[in-house]
Each structure stands twice: as structure tokens, then as C-alpha cells.
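> Chain by chain, the residues run as shown.
Number of protein chains: 4
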Amino acid sequence: MAKSTGRHFLQVPGPSPVPERVLRAMAMPVIDHRGPEFARLGEEVLRGCQSVFRTAQPVIIYPASGTGAWEAAIVNTLSPGDRVLMVETGHFATLWRQMAVKWGIDVDFIAGDWRHAADPAAIEDKLRRDAGHAIRAVMVVHNETSTGAISPIAEIRAALDRAGHPALLMVDTISSLGSADYRHDEWRVDVAVSCSQKGLMLPPGLSFVAVSQRALTASRSGRLPRSYWGWDDMLKANAGGYFPYTPSTNLLFGLREALAMLDEEGLETVFARHARLATATRAAVRAWGLEILCQEADHRSPVLTAVVMPDGHDADRFRKIVLDLFDMSLGTGLGKLAGKVFRIGHLGAINELTLMGTLAGVEMGLAAAGVPHRSGGIVAAMEALCPETSSRLHASAA
Amino acid sequence: MAKSTGRHFLQVPGPSPVPERVLRAMAMPVIDHRGPEFARLGEEVLRGCQSVFRTAQPVIIYPASGTGAWEAAIVNTLSPGDRVLMVETGHFATLWRQMAVKWGIDVDFIAGDWRHAADPAAIEDKLRRDAGHAIRAVMVVHNETSTGAISPIAEIRAALDRAGHPALLMVDTISSLGSADYRHDEWRVDVAVSCSQKGLMLPPGLSFVAVSQRALTASRSGRLPRSYWGWDDMLKANAGGYFPYTPSTNLLFGLREALAMLDEEGLETVFARHARLATATRAAVRAWGLEILCQEADHRSPVLTAVVMPDGHDADRFRKIVLDLFDMSLGTGLGKLAGKVFRIGHLGAINELTLMGTLAGVEMGLAAAGVPHRSGGIVAAMEALCPETSSRLHASAA
Amino acid sequence: MAKSTGRHFLQVPGPSPVPERVLRAMAMPVIDHRGPEFARLGEEVLRGCQSVFRTAQPVIIYPASGTGAWEAAIVNTLSPGDRVLMVETGHFATLWRQMAVKWGIDVDFIAGDWRHAADPAAIEDKLRRDAGHAIRAVMVVHNETSTGAISPIAEIRAALDRAGHPALLMVDTISSLGSADYRHDEWRVDVAVSCSQKGLMLPPGLSFVAVSQRALTASRSGRLPRSYWGWDDMLKANAGGYFPYTPSTNLLFGLREALAMLDEEGLETVFARHARLATATRAAVRAWGLEILCQEADHRSPVLTAVVMPDGHDADRFRKIVLDLFDMSLGTGLGKLAGKVFRIGHLGAINELTLMGTLAGVEMGLAAAGVPHRSGGIVAAMEALCPETSSRLHASAA
Amino acid sequence: MAKSTGRHFLQVPGPSPVPERVLRAMAMPVIDHRGPEFARLGEEVLRGCQSVFRTAQPVIIYPASGTGAWEAAIVNTLSPGDRVLMVETGHFATLWRQMAVKWGIDVDFIAGDWRHAADPAAIEDKLRRDAGHAIRAVMVVHNETSTGAISPIAEIRAALDRAGHPALLMVDTISSLGSADYRHDEWRVDVAVSCSQKGLMLPPGLSFVAVSQRALTASRSGRLPRSYWGWDDMLKANAGGYFPYTPSTNLLFGLREALAMLDEEGLETVFARHARLATATRAAVRAWGLEILCQEADHRSPVLTAVVMPDGHDADRFRKIVLDLFDMSLGTGLGKLAGKVFRIGHLGAINELTLMGTLAGVEMGLAAAGVPHRSGGIVAAMEALCPETSSRLHASAA
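Protein chains in written order, with UniProt numbering: chain A, 1 to 398; chain V, 1 to 398; chain L, 1 to 398; chain D, 1 to 398.
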């Protein structure tokens with residue numbers, strides 16, 4: 001089948017579409033990473049990252065994927081045989097656990113059905129029972145990209161506090177940062193892990209950790225071997241706007257531009273936009289008569305919506321039809337969800353009309369693939385947007 | 001009101017959205033327009049343009065807007081006081097006539113109501129009455145961008161033939177070339193005028209004329225003064241791939257890429273795509289209960305659809321609301337249609353999902369602006385696409 | 001021979017190398033040329049052009065080559081049979097004259113040997129003899145791109161004044177604008193013609209005319225036919241930031257950026273840089289023992305240097321060797337200078353080290369082509385830069 | 001001091017200037033890294049990397065700096081307490097050793113004065129004395145970027161063979177790959193480490209390891225913890241053109257383009273070009289009367305030339321003057337060479353004229369900084385290029 005002309009709809013839950021403005025910034029000539037112009041770039045992006053994490057503490061930028069930042073969180077803070085508490089929110093929580101195990105960490109993994117967020121009460125319960133404070137860290141995925149459930153980090157922080165437990169709180173903000181409300185300092189998170197290709201609207205290739213003073217202190221006694229991911233050399237070089245080894249300069253050019261865009265729109269506006277588009281998406285799914293994977297209304301993600309396929313229908317066959325007919329990429333089901341769900345990304349540089357095109361593509365794809373559903377999802381989505389639209393109109397007229 | 005994030009929807013009937021692939025091609029470093037590398041570029045784009053016009057005769061490329069190509073058609077072929085026959089299909093036909101008048105041409109302008117295509121019978125009638133063959137040229141707009149009516153050039157050619165009239169046939173293909181079927185040689189058109197920013201998917205800045213041998217012959221006796229637009233110097237320089245004055249090199253880089261894209265998709269496929277999206281758009285307009293400006297079903301344009309606003313509602317107020325709320329540009333009503341119609345462009349590098357986003361934006365905009373309409377236009381549009389979609393799916397599976 | 005890797009050296013006297021910053025600006029998505037965002041762009045570039053021309057009077061921007069601006073100057077101000085005075089400074093003056101003749105203008109062409117600038121005394125003499133003021137305009141090329149001679153416009157203005165002659169003063173600033181000092185209002189020029197691909201550092205495709213109130217007045221009585229080039233419609237539309245027909249939007253994006261760059265560097269600094277590099281180039285030519293085409297030291301151009309080939313050596317063979325061996329484009333000899341000179345462009349976005357690479361390429365090319373010369377041109381060029389360099393160093397240290 | 005206009009001369013020994021063609025390729029919209037289009041990209045770049053390493057064995061691509069590839073080499077093949085043999089060629093060898101020590105490796109470091117390449121005889125001697133084969137790996141830097149000495153890997157391979165020692169041979173090809181002859185399979189190297197921003201002409205952000213079957217076997221028994229750098233998951237995913245975690249898609253777009261460029265030019269031609277430019281650079285340094293850091297003529301690098309500053313003159317002050325006056329970045333002295341040398345990079349997308357500009361900048365900078373030297377370096381460089389130029393000219397004419 002001939003490839004469709006016009007814009008590809010990249011509606012996976014990351015990488016999100018990179019604004020042309022960011023692509024152009026990345027296309028600038030590379031510069032000397034030891035020169036004065038670089039130092040200004042370094043300082044600017046490091047400071048900008050603090051704003052997005054809402055922290056006054058250090059943010060570290062790695063030339064690496066988000067997976068590398070997971071590793072950085074582990075190897076800097078823990079020691080062989082350390083015990084940590086993790087929560088099985090979905091595929092990515094499972095992968096992070098596997099990584100911890102590879103590093104010799106003893107993981108207590110609170111089981112989950114991949115349809116719920118992390119439960120603060122369950123965490124609190126585990127911590128209360130750990131009278132000897134053997135648990136060194138609680139490690140949670142904020143927005144589980146494989147399921148579309150977002151976990152309540154503020155409440156998890158409160159759970160630690162109530163339990164009076166000194167464990168570090170480490171949070172994967174891979175797909176939440178820049179799309180959903182995240183408050184590093186206010187929530188007293190110790191290590192937050194993130195990456196470039198989601199809410200930050202960049203191509204993949206950069207990852208981030210925001211670290212607290214407690215985490216830095218822990219890093220001094222952590223006994224896992226480390227070099228590339230080591231925080232000390234990083235922070236030393238960062239003080240002058242430089243990096244201890246060659247940084248990914250052109251992605252940093254893009255980062256500077258993306259941070260400027262987030263700043264221009266305002267983080268609160270960005271979050272409200274994501275919430276609005278998520279609401280519309282869920283209205284469409286309900287109108288189609290399909291099931292949203294995440295079973296808790298309060299924890300449905302502003303970033304993506306995972307949709308359960310009716311029995312007997314393969315999600316990947318459906319996705320292929322949508323790709324072939326409408327040149328749109330939807331997210332696949334990961335791990336044990338393979339073939340059972342598809343995921344609609346509604347994050348990053350996306351607006352109402354792009355979402356409407358996306359939902360139309362899903363609706364036409366369901367029809368083309370012979371998946372039982374009711375039509376009219378997009379009408380429901382438009383209605384869901386309507387009150388919001390009206391209020392923006394009135395605000396504009398005022 | 002804060003600017004929406006994500007892609008702007010540029011749904012005016014030209015300029016059409018420029019594919020990123022073309023923008024990147026245009027961003028190549030400029031080259032010496034007298035060197036050997038340029039000659040290869042020149043030859044390639046001149047040959048490619050012949051394919052799009054479906055002609056084996058010369059195509060001339062000007063560093064100019066389409067308006068310049070209108071002027072080139074006039075000044076090369078006519079002499080002061082010459083009589084020509086034009087048809088009032090809408091705003092652009094009217095502007096072309098004004099230009100001809102400025103050049104001292106005596107224009108017989110067949111009146112029209114801006115809701116119909118040019119009528120071959122009326123043309124034939126005029127020509128038959130011109131026993132002395134005073135009429136030097138019949139000048140028609142193929143696709144009237146201001147109204148969304150497309151005129152039947154093959155039938156107009158037949159009208160000239162039936163009348164046995166030797167007038168030159170000059171056609172404005174500004175918004176049809178590369179979007180609607182146009183056959184320069186088969187229809188024996190003498191001068192076709194076009195531009196870069198519509199079906200050719202380029203930014204504005206280039207214009208084209210395809211000329212027949214008869215037109216070239218006429219140019220030798222035409223007595224209007226000319227220099228910049230002169231065909232002789234152009235054709236002489238073009239023979240080696242060069243231009244008589246500095247060409248718009250970077251737009252030519254883009255043209256080479258755009259021609260390659262049209263070639264890859266195939267002109268027939270391109271036309272079918274435009275027709276399909278136009279059908280869906282008209283289904284939406286009907287579902288909204290609004291009126292399509294062009295009153296003849298057979299002559300509704302595959303390129304754009306002009307929609308009549310209900311009485312008492314200003315089209316430009318509606319367009320402003322759509323721009324403010326949904327970051328989408330729709331076409332304004334031109335000339336005497338100002339405020340009375342808006343135009344939806346569905347041309348160039350556009351696909352189904354972008355159109356669905358567009359129609360959703362119109363539907364939400366109608367609601368936001370308080371314009372009386374029925375909802376569900378986008379559902380009608382999806383249904384209109386459905387049979388086509390099914391057949392593509394089966395073709396793909398076969 | 002395999003193409004060299006790395007940067008092509010585009011050292012023709014236009015198009016000059018386009019800064020990547022400008023190319024990136026041009027790669028922005030095209031916008032609706034009737035929308036509010038465009039109006040801001042239009043106003044900004046129109047205002048910026050006034051700064052570069054140093055005028056408070058209107059500047060008009062055409063989607064066209066510089067040749068089109070020549071035509072605009074003629075058709076707006078003159079009438080059939082009008083007499084004008086032109087000066088044969090070289091190839092481009094000759095072409096402009098040919099164009100005027102095509103438009104039915106009676107040109108009094110002061111003969112020249114293509115090795116000198118226009119002579120104010122000769123102009124004054126002609127004007128004094130024109131007691132009846134039949135001469136409607138004096139038309140001069142400021143920087144003759146074919147020869148590398150720059151004419152003294154201020155003195156020519158004074159010549160008109162001394163002669164008390166009311167002729168319009170029309171100046172071709174094609175290759176001087178943005179590279180050499182030009183003062184539209186101070187010198188009371190009536191029409192200045194320019195283009196995008198020289199000092200403005202853009203690709204070709206835009207042309208400009210700066211017009212005085214006298215020229216506007218003249219345009220109202222001028223009786224040459226005109227439409228595309230007509231000033232009235234232009235100025236009317238420009239008042240709102242718009243254009244009467246589709247403008248070359250993406251080149252205007254580039255223009256905005258290029259104007260910002262000129263403003264950041266400062267016009268005086270830009271002119272000083274051009275002068276400095278021209279001095280170094282001429283020092284190299286003298287060291288090689290070759291002859292500079294322009295015979296008047298005071299009128300050698302800051303923009304380009306035309307070098308006379310020794311007898312028996314073909315300039316174009318030499319240029320081809322330089323292109324093949326060193327991937328550098330030098331300017332060819334134009335018109336009667338074909339094969340006899342080559343031209344080194346040192347204009348636009350160029351700096352000391354690029355010029356040194358250029359001169360090294362010429363010196364190695366002379367050796368490779370077996371052209372008799374002395375080596376060491378580049379050493380002479382470095383020495384010529386040296387005092388300037390020292391003073392910049394001291395300024396920096398201060 | 002105002003920033004110079006025109007191209008920055010980025011003449012550090014990496015990052016090398018990124019060709020605009022590569023920058024444009026990187027500016028393409030990001031794609032779904034789990035979709036079919038990505039698989040084609042993945043397969044293409046993995047295959048292309050094998051060509052550049054001259055290997056039929058796997059090449060692994062990390063979203064990371066070259067430093068990450070160093071770590072990958074260590075953690076995949078070694079176990080805590082393992083003994084390895086390294087050679088102190090300069091700063092980067094020293095850093096690699098520090099990293100190995102952090103990972104608990106016992107490094108036997110053959111001392112060096114940073115002015116010589118690695119000595120195969122010394123390595124052979126060490127290995128012969130290691131009768132028990134305690135040494136698990138010989139780890140050598142091919143081209144020492146801090147000194148400009150290139151070590152003879154083929155001879156080191158022969159030394160291992162003569163010693164009959166089973167140690168793995170691990171080579172840092174960070175700044176040699178794509179610039180100097182390197183033959184992974186022929187020389188039976190077990191792990192070669194490289195990165196994107198040198199001979200591959202990309203921005204930083206990708207790193208590479210080419211691994212032998214022996215290295216893969218070793219990785220199965222290596223007992224250092226690893227996850228991000230683990231080869232097993234990589235190779236499994238790579239088999240289908242995918243990656244086990246999100247790859248740096250846009251840098252891979254650039255890589256595809258850069259590999260195509262190397263293939264078009266031909267690796268042998270690329271190496272010859274580097275050798276030619278290095279010869280010219282060294283001729284200039286000798287003409288200036290300055291000392292080349294690397295004391296062995298046979299081991300002077302084709303990639304960069306480190307120049308010793310005369311006593312009492314600070315290299316970084318000189319570099320700052322060159323940056324301020326001529327907008328050129330030269331490499332700083334690293335580690336114990338700080339202030340004592342500057343480094344001229346002549347690698348990647350560079351040609352004769354850019355090098356001449358570079359050398360002119362050094363020569364003018366030496367004068368401006370008051371560093372004692374003889375003038376005429378650039379003349380010597382041109383003379384050094386001359387025979388080569390002549391032969392290319394004759395080849396071209398034939």
C-alpha cells in the first residue's frame with residue numbers, strides 16, 4: 001500500500017512529536033564542548049531543567065536513554081544486597097526491577113495487575129513492617145507508560161512520612177515530566193529519573209536525574225561500582241557549565257529550545273492542556289464502548305490512554321491497519337499486554353485538532369479492522385472539549 | 001489567548017503545508033547559478049515540470065509569484081488593443097482581467113455569479129459570433145480558488161474546436177496543478193500559468209508557464225513590451241539548464257524534492273487522494289446543514305471547498321475564533337464574498353487524519369461561534385471515506 | 001575527480017554564502033499570508049529594509065530576482081520615448097541599458113572601458129548640456145559586479161545638484177547593499193534597486209526598490225504599462241504589513257533573520273569588515289604579480305576583486321581547475337570579459353579565515369594551472385590584516 | 001570584541017564539523033522506534049557500521065558518549081580483580097585506566113611520556129613475562145587525541161601473537177575510526193570502542209563497540225554487574241533492527257547519512273585525505289619553527305597535530321586570542337599538558353581550503369599573541385600539498 005502523503009501521526013506515548021522549532025535548534029553547528037559558548041549553554045539548560053523538575057537541587061543530564069538514568073539512580077545510591085521496595089504498576093516497573101536485580105539489589109516487589117496505580121497504603125504497610133529500616137529505597141514509576149495509570153507521588157511521600165521510614169524515595173518521571181504535575185522539592189523525592197522524548201518534546205538521547213541532598217549523601221556511601229553514571233564528577237564539571245565527558249551537544253541545543261517553549265506556555269497551562277486532551281480521549285473510548293485499561297478514574301493518565309481490545313481481536317493487527325491506512329503510529333501492548341491493548345499517546349507538542357485527527361484515525365481503523373464498537377467517539381470527544389472551549393473563548397473576549 | 005501548542009493547521013487553499021522534506025531540501029547551501037552543479041539542477045526541474053503539466057513542450061520557471069506568470073502570459077502573446085475572451089468565475093478571474101486591462105487589452109468578460117464553473121457553451125457561442133477572429137485568446141481559470149469551482153478545460157478546448165476558432169487557449173492552473181487532472185498537450189492549451197505554493201507543496205516564490213509552439217509563435221509577433229518575462233532569453237538559457245538572470249536557487253532545490261514526491265506517489269494517486277478528501281469535506285458540510293458555494297455538483301473542486309455562512313453570521317469572525325481557539329487558518333472570502341464564505345483548503349501534502357482534524361476544528365468552531373449548524377459533520381466525513389478505505393484495505397491484503 | 005569533502009567555498013560575487021542561521025529561519029513552516037502573524041512579519045521586514053537602505057521612505061519587496069527590480073524602476077517612473085542617461089561601467093550596466101531599450105527608452109550611454117567607475121564629471125557635463133531637461137533619469141550601477149569598480153554615488157548626486165538638473169537619480173545597489181556604504185536619503189537617490197543574494201546573505205528570490213517621494217510622484221505620470229511591478233497596489237497593501245499578491249514567505253523569514261544579523265553586527269562594522277577583507281585580497285593579487293581589473297585605487301570594490309589573467313591563459317580553464325581540485329567557485333568573466341578575468345567574491349557572511357582559505361585556493365590553483373605568478377599572496381594578505389588585527393586585540397584587552 | 005561573522009572554524013580534534021547534509025538528516029521527524037520504518041533504519045546503520053570498522057562481527061550502538069563505550073568494554077568482558085595491561089600514551093589512556101580502576105580492575109600501566117605511541121615491544125615483553133596468563137586484556141588507545149600520536153595496532157596484534165598470549169585486545173578507536181586505517185577483523189581486535197563526533201562527522205551522543213566472538217564468549221563469564229551496557233539484550237534486539245531500550249533516533253538518522261558520505265567518498269580516499277592534510281599541517285608547524293608534540297615521525301597522527309608552545313607562552317592565552325580575533329576553536333592541552341600545547345584538529349569533514357584558513361588563523365594568532373615564530377607556515381603547507389595536487393590534476397585530465 002502506498003505510503004500516505006502529509007504528516008505522519010506519531011501518537012505513541014513517546015517519543016512524542018518533536019516541534020519543528022526544536023528540530024531546527026538541533027540543526028545548529030556543533031560547538032567546542034570546552035569553550036565559553038558551551039558553558040553558557042550548559043548553565044542555561046541545567047537551570048531550565050531545575051524549573052521543570054521544580055527543584056532547587058541538582059539535575060544531572062546524561063547523554064543516554066532513560067534506561068541509563070534508571071541505572072544511575074541505582075548505582076549511585078545503593079550497595080550490593082541492599083533491599084528496596086518497588087511496585088508492579090506495569091511493564092516499565094517490571095523492567096526497572098529486573099535492572100535492580102541485575103545489580104544485586106534485593107527487590108521487594110508489591111504485585112499488581114497492571115490496571116492500577118501504586119497504592120500508598122500498601123507501601124505504608126510494607127514500610128511499617130520494616131522496623132529495622134532494612135529497606136533503603138522506595139522506587140515507584142510516576143506515570144506507567146505501559147498502562148496509562150499515574151501514581152500519587154505526594155501521597156506516597158506522605159505514606160513514607162507516616163511510617164516514619166528513612167528510605168530514599170526514587171521516582172521514574174520518564175513519561176510524566178513536562179506533561180503531568182511533578183514537584184521534586186515539595187514532595188521531597190530523592191531521585192527522579194527522566195528522559196528527553198516525552199513531555200520535553202525532544203528526540204530520544206538525553207536522560208535526567210534530579211537528586212536531593214539526601215541522595216547525594218547516600219551516593220557517598222553507596223558501594224556499587226560506577227564511573228559513567230557517577231554523580232561526583234558530573235556535579236563538579238556542571239558547576240562551570242561543563243560535563244566530565246563529551247555531552248550530546250546538539251540535543252542540548254534542542255533542550256534549550258524545548259525548555260523555552262515550556263516556559264512560554266507555562267507549566268500549569270501545559271498540564272491543563274494534557275488533562276483536557278486526556279479527558280476528550282477517554283470520552284471517545286467510552287463512546288466507542290471500549291474499555292480503558294486503567295481501572296481507577298482518579299489515576300488515569302494525562303499522557304496516554306491504553307485501550308483494551310475486545311476478546312478475539314488482536315491489537316497489533318489493528319495497529320498495523322491504522323498504520324497502513326492512515327499513516328498513524330499507535331503504541332503497542334508491552335510485556336504481558338502484547339496484543340491485548342493499544343495505547344494512544346496524547347502528550348508533548350499536541351493540540352486539539354491533532355488529537356481529533358488521531359481519534360478519527362482510531363475510529364476509522366476500528367471500522368476497517370472489523371473491531372466491534374459504536375461510532376461517534378470523536379463527537380463525544382468534541383463535546384468533552386466544549387465547555388473548556390467556551391470558557392477559553394469567553395476569557396479571550398473579556 | 002495563549003497560542004496553542006503543536007502543529008498549526010494551515011488549511012487555506014494555498015499556500016498549502018510544505019512537507020518537512022521539502023523544507024529540508026530548501027535549507028541546502030546556495031550554489032553558483034553559473035556552475036555545472038546548477039545546470040544539473042536546472043535540467044532536472046525543467047524536465048520534472050513537464051511531467052506535472054503533462055507536456056513535451058517548454059515550461060518556464062520564474063522567480064516570481066503566480067501573478068507574475070499571469071503577466072508573462074499576457075505580455076508574451078498579445079499586442080496593445082488585442083481582444084480576449086475571459087470568464088468571470090470569481091475573484092481571481094476578475095483580477096486577471098484587471099491585469100489584462102492595465103496592459104491595454106480589450107477584454108470581453110462573460111459575466112458570472114461566482115457560484116459556477118466556466119460554461120463551454122457560452123464560450124463557444126461567443127467564438128462563433130466572432131466571425132472575424134478578432135478574439136486573440138480565451139483565458140480561463142481552471143480551478144477558481146476563490147469559489148471552489150473547477151472548470152472543464154477539455155470541454156472548453158472542444159468548444160474552441162467546434163467553433164473553428166484560432167484563438168489561443170490560456171489557462172490559469174494556479175491552484176489545480178498537481179492537485180487536479182490537467183493535461184497540457186492533450187487539451188492543446190497554449191499557455192498554462194501556475195505557481196509553487198499549492199499542489200506543488202512549496203512555499204510561494206516560483207511561478208510557471210507551460211507554452212505551446214503556437215504560443216511561442218504568437219510571442220514573436222506580440223507587441224507588448226517585455227524583458228523580465230520574455231520567453232526567448234529564458235528558453236535560450238534553459239537549453240543548458242541555466243537561467244538568463246539569477247534564479248531562486250533554494251526554491252528550485254525544494255521544487256526538485258517536491259517533484260520527486262509527486263512522482264513517487266504518482267499523479268493519478270495524488271488526484272484520487274484530493275478527490276477523496278474533497279468528497280469527505282463536502283459530506284461534512286452537508287451534515288452541518290451548511291451550503292457549498294459552488295452550485296454545480298460536477299464542478300466542485302478537489303482542492304478547496306467554499307462554505308456559505310448563514311445569514312447574519314460573519315465568516316471572518318468565525319475564522320478568527322477558529323484561529324484563536326484551535327490554531328487553524330481557514331481561507332477568507334475574497335472580493336465580493338468577503339465575510340460571506342470561508343474556504344477549507346484540502347490540497348497538497350494533506351491526508352485523511354489532517355482533514356479530520358480540520359473538519360473537527362470547523363465543527364467545534366461553528367459551535368464556539370454560535371453559528372447554527374447540526375453536529376456530526378466529521379462522522380459523515382468518516383463515512384464518506386469508509387468505502388474507499390475498505391477497498392484500500394482489501395487491496396493491501398491481496 | 002572525486003568531489004572534495006567539507007565545505008564548498010562559494011566565492012562568487014553573489015550569491016554569497018547563506019548563514020546556516022538564515023537557512024534555518026527559511027525552513028520554518030509557511031504561514032497564511034493573509035493572517036495576523038504574517039502582518040507582523042511584513043511590518044518587521046519592511047521596517048528593517050528601511051534601515052539597511054538608510055531611508056525613511058518606502059522600500060518595496062518583490063518576489064523576484066534583482067532583474068525584476070531593474071524593470072520595476074523603469075516601468076514605474078518612465079514613459080515611452082523618455083530619455084535617460086546611463087554609464088557603461090560594465091556588464092550589468094550594459095544589461096540594464098538593454099532592458100531600458102526593450103521598454104522603448106532612449107538611452108544616452110556614456111561609454112566606458114569596464115575598468116573604471118562612473119565619472120561624476122562626465123555625468124555633470126551631459127546634464128549641463130541638456131538645457132531642456134529632456135533627460136528624465138540618471139541611472140548608475142553603484143557596485144559593478146562584473147568589474148569590481150564602485151561608483152561614487154554621493155559625488156554623482158552632487159553632480160546633478162551642481163548641474164541644477166531635475167532628473168531622477170536611479171541606482172543599482174544590487175551588490176553594494178549591506179556590504180558597502182549606501183545612504184538613500186542622505187544622497188537623495190530616487191530609486192535604488194537591490195536583491196537578496198549579496199550583502200543581505202539570503203538565497204536569490206527577493207528584490208527590492210527603495211523609492212523617494214519624487215519617484216512616487218513620477219510614477220503617477222509614467223505611462224509605461226505595469227501591473228506586477230506597480231508601486232501603488234504594493235504600498236497600499238504594505239501599509240498593513242501585507243502584499244497585493246502572494247509574497248515569498250519563506251524568503252521573508254530568512255530576510256527577517258538576515259536583517260537581525262546585520263543589526264547585531266552593526267552596518268558600520270559590516271562595511272569595515274568588507275573593506276578589510278578587500279584590502280587583504282588586493283594585497284594578495286599584487287603579491288602574485290597579477291593585475292586588478294579596476295584601474296582606480298579609490299574605486300576598487302569592497303565586495304569583489306576582478307583579476308586579469310595573463311595573456312594566453314584562459315580564466316575559465318583556471319576556474320574549472322580550482323573547482324575540481326579545491327571545491328571552490330570563483331566568478332567568471334562576463335560579457336566581453338569572458339575568459340579574461342576571474343572574480344573573487346569577498347562579500348556577505350565571510351570572515352578572515354574563510355578569505356585566507358579562498359586566497360590559498362587561488363594561489364594553489366594558479367600553480368596547478370600553470371599560470372605565471374609569484375607565490376606568497378596569502379602572506380601578503382595576512383600582513384595586510386595585521387595592523388587591523390593588532391588594534392582589535394588591543395581594543396579587546398582594554 | 002564583536003563576534004566575527006561567517007563560519008566558525010571548529011578545529012578541535014573532535015567534535016569535528018558536522019556536514020550540513022548530516023544536520024539536515026538529523027532534523028527529520030522522530031519515528032516510532034518499535035515500528036517497521038525504524039527496523040529498516042536500524043538494520044542499515046548496523047550494517048554500515050560494520051563496513052567502517054571493517055568487520056563482519058557485531059557492532060553495538062549506544063545512546064551515550066564514547067566514555068560509555070569504554071565502560072561497556074570493561075563491564076562486559078572483565079571480572080572484579082582481573083589484571084589488564086594498558087599503555088600510558090596520554091590523557092585519554094590515563095582516563096580509561098582510571099575508569100578500569102573504579103571497576104576494580106588491576107591495571108598494569110606501562111609508563112609513557114605522552115610524546116610517543118604505544119610500543120609493541122614493551123607490550124610483548126610484558127606478556128612474555130606473564131607466563132600464567134593472568135593478564136586478561138591488553139587495552140590500547142589507537143589515536144591518542146590528547147597528543148597526536150597514533151599507535152600501531154597491527155604490530156601490537158603481532159606482539160600478542162608472538163608472545164602466544166591469550167589476552168583480549170581492546171582498542172580505543174575514538175578518534176581514529178573513519179579518519180585513519182583501522183581493520184577490526186584483519187587485526188583480530190576483540191573490542192573496539194568508538195564514538196560519533198570525530199571521523200563519523202556526527203554530533204556527540206552515540207558510541208560504538210565492535211566485538212569479536214572471543215569477546216562475546218568472555219562476556220558470558222565476565223562477572224562485573226551490567227545492565228545498560230549489556231551486550232546480550234542488545235544483540236538480541238539488534239537482530240530485528242531494534243534496540244532493547246529507546247535509541248537516539250535522530251542521531252541514527254544522521255549516522256545513516258554520514259555512513260553514506262563515507263561510502264561515497266570511499267574509506268581509502270578518506271584516509272588519504274586525512275594523511276594529506278596532516279602532512280601539510282606538520283609542514284606549517286616546522287616552518288613556524290615550533291615543535292610537534294609527538295616525537296616519532298612514523299606515529300604522527302593523521303587526525304590532529306599537537307603543537308608545543310615555546311617556554312614562557314601559555315597555550316590557552318594563545319587559544320583565547322585566536323578564538324576572539326578569528327572565531328576559531330583550537331584544542332586545549334589536557335591533563336599535564338594544560339597550557340603547554342595546543343591541538344589543531346584536521347579530521348572529519350574538512351578539506352584543503354578549510355585547513356589553509358585554519359593554518360592562517362594559527363599563524364596570525366601567533367603573531368597577535370607575540371609568540372616567537374617564523375612566518376610562512378601556510379606557504380610550506382601549500383607546497384606540501386602541491387605534488388599531491390598535481391597528481392590529482394593529471395588524474396583528472398587523463
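Incorrect hints may have been included.
[Claimed, not checked] No farther apart than 30 Å at their CA atoms in a straight line, the calculated lysine-lysine pairs in the DSSO-like style are these: (1) Lys-236/L <-> Lys-236/V; (2) Lys-236/A <-> Lys-336/D; (3) Lys-320/A <-> Lys-336/A; (4) Lys-336/L <-> Lys-320/V; (5) Lys-102/A <-> Lys-102/D; (6) Lys-320/V <-> Lys-102/V; (7) Lys-126/D <-> Lys-236/A; (8) Lys-236/D <-> Lys-336/A; (9) Lys-320/A <-> Lys-236/D.
[Stated by the list, open to error] A few chain D residues facing chain A, derived, Cβ under 10 Å: (10) Leu-10; (11) Ile-31; (12) His-33; (13) Ala-72; (14) Leu-206; (15) Trp-229; (16) Leu-251; (17) Gly-254; (18) Arg-256; (19) Gly-266; (20) Leu-267; (21) Thr-269; (22) Gly-335.
Derived from the structure by calculation, the hints contain no laboratory data.
For every residue, glycine included, the Cβ atom is placed at its ideal position computed from N, Cα and C.
> All hints, please: hold or fail.
Structure-based check of all given hints:
{"no.": "1", "hint": "Lys-236/L <-> Lys-236/V", "in the structure": "37 Å, violated"}
{"no.": "2", "hint": "Lys-236/A <-> Lys-336/D", "in the structure": "19 Å, holds"}
{"no.": "3", "hint": "Lys-320/A <-> Lys-336/A", "in the structure": "19 Å, holds"}
{"no.": "4", "hint": "Lys-336/L <-> Lys-320/V", "in the structure": "58 Å, violated"}
{"no.": "5", "hint": "Lys-102/A <-> Lys-102/D", "in the structure": "19 Å, holds"}
{"no.": "6", "hint": "Lys-320/V <-> Lys-102/V", "in the structure": "35 Å, violated"}
{"no.": "7", "hint": "Lys-126/D <-> Lys-236/A", "in the structure": "37 Å, violated"}
{"no.": "8", "hint": "Lys-236/D <-> Lys-336/A", "in the structure": "19 Å, holds"}
{"no.": "9", "hint": "Lys-320/A <-> Lys-236/D", "in the structure": "23 Å, holds"}
{"no.": "10", "hint": "Leu-10", "in the structure": "6 Å, holds"}
{"no.": "11", "hint": "Ile-31", "in the structure": "7 Å, holds"}
{"no.": "12", "hint": "His-33", "in the structure": "7 Å, holds"}
{"no.": "13", "hint": "Ala-72", "in the structure": "9 Å, holds"}
{"no.": "14", "hint": "Leu-206", "in the structure": "8 Å, holds"}
{"no.": "15", "hint": "Trp-229", "in the structure": "8 Å, holds"}
{"no.": "16", "hint": "Leu-251", "in the structure": "6 Å, holds"}
{"no.": "17", "hint": "Gly-254", "in the structure": "9 Å, holds"}
{"no.": "18", "hint": "Arg-256", "in the structure": "14 Å, violated"}
{"no.": "19", "hint": "Gly-266", "in the structure": "25 Å, violated"}
{"no.": "20", "hint": "Leu-267", "in the structure": "23 Å, violated"}
{"no.": "21", "hint": "Thr-269", "in the structure": "24 Å, violated"}
{"no.": "22", "hint": "Gly-335", "in the structure": "13 Å, violated"}
Against the hints set out earlier in the document, violations occur for numbers 1, 4, 6, 7, 18, 19, 20, 21, 22.
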